[in-house]
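Novice: Could you put together the complete structure from these sequences and hints?
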Amino acid sequence: MAYSDKVLDHYSNPRNVGSMDKNSNEVGTGLVGAPECGDVMKLQIKVNPQTNIIEDAKFKTFGCGSAIASSSLATEWVKGKTVDEALQIKNTEIVKELALPPVKIHCSVLAEDAIRAAIHDWKAKQGAAKPVAAEAK
Amino acid sequence: MSTDVKTIPQGTNGHPATQEQRTAANGVKLPVYMDNHATTPMDPRVLEEMLPYFMEKFGNAASRNHSFGWAGEEGVETGRERVAKLVGATPKEIIFTSGATESDNLAIKGVAEMYREKGNHIITAVTEHKAVLDTCKRLEKYGYRVTYMPVQKDGLIDLEELKRAMDDKTILVTIMAANNEIGVVQPVAEIGKLCHERGVIFHTDATQAVGKIPIDVNKMNIDLMSISAHKMYGPKGVGALYVRRKNPRVQISAIIDGGGHERGMRSGTLNVPGIVGLGKACAIASEEMAKEACHLAGLRNRLRDRIMGRLDEVYINGSMEHRLPGNLNISFAYVEGESLLMGINDIAVSSGSACTSATLEPSYVLKALGTGDDLAHSSIRFGIGRFNTEAEVDYVADRVVETVERLRELSPLYEMAKEGVDLKSVKWAAE
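The listed protein sequences correspond, in order, to chains U and D.
Residue 109 in the working numbering sits at position 109 of the first sequence, with consecutive numbering throughout.
Residue 360 in the working numbering sits at position 360 of the second sequence, with consecutive numbering throughout.
To be clear, the hints were calculated from the coordinates, so they are not data collected in a lab.
All C-beta atoms in this analysis are idealised placements derived from N, C-alpha and C, irrespective of residue type, glycine included.
Some clues are possibly wrong.
Stated by the list, open to error - Just so you have them, the derived chain D footprint on chain U, three or more residues with Cβ under 8 Å:
1. 8-17
2. 24-35
3. 51-64
4. 94-103
What the hints assert, rightly or not - Derived BS3-like pairs: lysine-lysine, alpha-carbon spacing no greater than 25 Å straight-line:
5. Lys79/U to Lys46/U
6. Lys427/D to Lys58/U
7. Lys58/U to Lys418/D
8. Lys427/D to Lys22/U
Specialist: Shown next as structure tokens:
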């Protein structure tokens, strides 16, 4: 599979790898995918409750090169955005940025799902869970 | 004109260079080729033998009335003798084809058509190559009944189950000698014995086995056997089918009609240089196979030990005891195969991961062993061959270990497992 330079760069130098305390109220955790499918992404965000701005993001991914690159890129993009802005990130933008081939589009979908799942988790902790899952599709 | 093989650019270990060469710290030339089940580099001795048959001895082996034809025929018949000798056959029992896929098709379809009145039942195994499985599937459309036998956890078929699967309509058993993914060697002699006791024809796809482990068509009661040149340091595009002529005489219908070449079983002008190359590859194997097997098993075990000694949760797929000497197929838990291949991109190996297949399904062979889909996604096949060295094995082991360690640090599954989470109990959110 011929990958774009951007995928190779994220694979070789993944941004924001790591974990945050998933029990912290400021942290939202999204865990999507399944080992049987060959892709699992964990994406975490740390949100400033005053400003709703995502101040930090971390990820860990089990998956192919494009899955790693998609989640790495997702952490870069959500940082500095408000949660509502982050919810606007579309998988198609990830496909475009990384020049993913058609068979790898599901990796970008998973990354979008991971962002939404993390935000959903954070909102649930704030006691203001909105049905984001419903509007995800 | 004269030909001189020494003018061919030499790459790592004497086989021709095809890519820009880099060198690793321990002197290993990169990239390292360790995918010898996919194909093997040609042995320079094979190429040397083939070269005259392109330009000087270009004749059609079927031209009976001039010296050009005789030269071609001589090359073909020498090839036929050499192939026969390697597997204990007689030259007349060797039919040349374009490769093992064609041989599989010819054997299975040829028997199905020829013995249609005797029965319509065929037995094969779920871990066979697609050339066998898809041929059987096609025959099902034409009214044949096919039993796809499961395999045990070690990849071997259960002989008792094979016995039970046979009935009075069974005309053919087709079970491979050695598997292309996991290198597991089936009990060919026992299967052959069973078939002959029941009067059932036995075909074996021996693409990965011939030239690697001893095969004797008489001792093993093999009736039909597929052979490929490019898996044993010969050229691509040429292979053979062994067709038994005595005890019992096996007949097959042709699937390619035409000039009646190869005793009417396979029409088409013979690929003379290819056949010469296949013959030379077989002659080399006859001489060197025993010694080479020890060398390959030594390298393979070294690779296994150097990887498994340094990484936990690494699993070997398939029997270690009944296995080709050059094969190692292992799963690295918590690491996805394609991402691992990306990390070792100066090493040519294969993965059973869905991401590396056209179908986006993980390896059906590994699934048949009962390997979970997660571990099938995490599998790598190493195929060690004639030209691999100890230094290459050490380099590959180091690169694999460091890449697996890096990717595990990146893996949420590894983190969860280390925290004591039972991954099987997690309810995974579907995409």
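Novice: Identify every previously stated hint that the structure contradicts and give their numbers, smallest first.
Specialist: 4
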